[in-house]
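Construct all of the structure, not just a fragment, from the sequences and the given hints.
Numbering (mature numbering (1 follows the signal peptide of the UniProt record, and there is no 0)), first residue to last: -18 to -1, 1 to 287.
In case anyone wonders, no lab produced these hints; they're calculated from the structure.
This structure is a prediction, so every number in the text was calculated from the model and none was measured.
Ranges of calculated distance between the beta carbons of each label pair, as one might list FRET restraints:
no., residue 1, residue 2, range
1, Ile107, Glu229, 43 to 53 Å
2, Glu21, Lys124, 14 to 24 Å
3, Lys124, Ala216, 18 to 28 Å
4, Arg210, Lys168, 18 to 28 Å
5, Asp99, Glu229, 36 to 46 Å
6, Gly79, Pro122, 33 to 43 Å
7, Asp72, Glu169, 44 to 54 Å
8, Lys226, Glu82, 47 to 57 Å
9, Met154, Asn116, 21 to 31 Å
10, Phe165, Lys15, 44 to 54 Å
Cut-off 27 Å, straight-line C-alpha distance, at most; resulting in silico cross-link-like pairs (DSS-like, lysine-lysine):
no., residue 1, residue 2
11, Lys209, Lys125
12, Lys77, Lys102
13, Lys206, Lys168
14, Lys148, Lys64
15, Lys160, Lys209
16, Lys102, Lys83
17, Lys226, Lys209
18, Lys239, Lys226
19, Lys187, Lys124
20, Lys168, Lys287
21, Lys160, Lys280
22, Lys287, Lys64
23, Lys206, Lys125
24, Lys226, Lys168
25, Lys209, Lys168
The beta-carbon is built from N, C-alpha and C at its ideal position, and this holds for glycine as well.
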Amino acid sequence: MKKLIMMSMLTVTLGLSACSTYQEVSVNEEENKRTITVEQAGELEIPLDVERALLFRATDPLNAHLLGVEPAGINEILINNKYIQDNLSDVEFIKPGDIEKIETIDPDLIITYAPDDYSKDYVDIAPTIEMIYNSSFLSPYKKRVYLTHFYHLGVMLNKEEEAKEKIDDWFMKMSELKRELPFDAKEFDAVVLTEIDGGYQIVPKFGSFGTEAVYDVLEFNLNKEAKRLMENNATTIDSLDSLKDFETDYVFLSSNKDQTQLSEQVKNETGIDESHIIILNLDDYRTNDLISIEGQTKDIIEIIK
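Here is the structure:
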């Protein structure tokens, strides 16, 4: 009985923790300050109106733009991303840990990934939030991590209601996009990979690199062999030849190599029909904000057509 009570108390504690993360606690309009709850620091005081955000995570810059907040700085790894280039005209590209350059843009809020070894230096410059890329089990968006983080960003930027409205619009947009595909993707399975040093990484659902477009918007099935490897934490393959064992219908591979040559290589090594091999630009598929995912989905549909 005592054990059951303790387990119940733990469940309530976890539930309260999940509910209270990324929520507004108080507002001081006279001092242009808000207090919100965050994962790493409990409660944190941030600007009421964020004007010069520095956003190091790939998912945040264009989501902030969509919410009407133009970031002052973003991660330099995104410098060749076409969606960034098309939507952010006046932004600094900054290498994580470049304290001197960060000080020059004078951010009023820094949002970064977790863990970030440089956070201890960032806090001397501006309020800093480290975010773990996962979804709360009580999130209204369930396993759609990218939507949970869009909503959390809305809370941090004082754009919570706008974020909810944008997400509602997104669900309608998803249905529109899916109808543009000339077949039912639910009848096919797929594996999404991205090129890494020394091999290829199998990317899980909601892990960017096109997975949101492939699995969530278009609703391809996650390949069973890929799923099995993920469950065993063995998601790296040394060569494309390994894809023979997957017996998958479609391969989506993000790389910066020559797309024609890479497609031919995948076909030769796996025997998969070339029309079912979709090579994606790594720089453009690194982001998984709503603007990027819409563009990525349209690109994939055009390639398949």
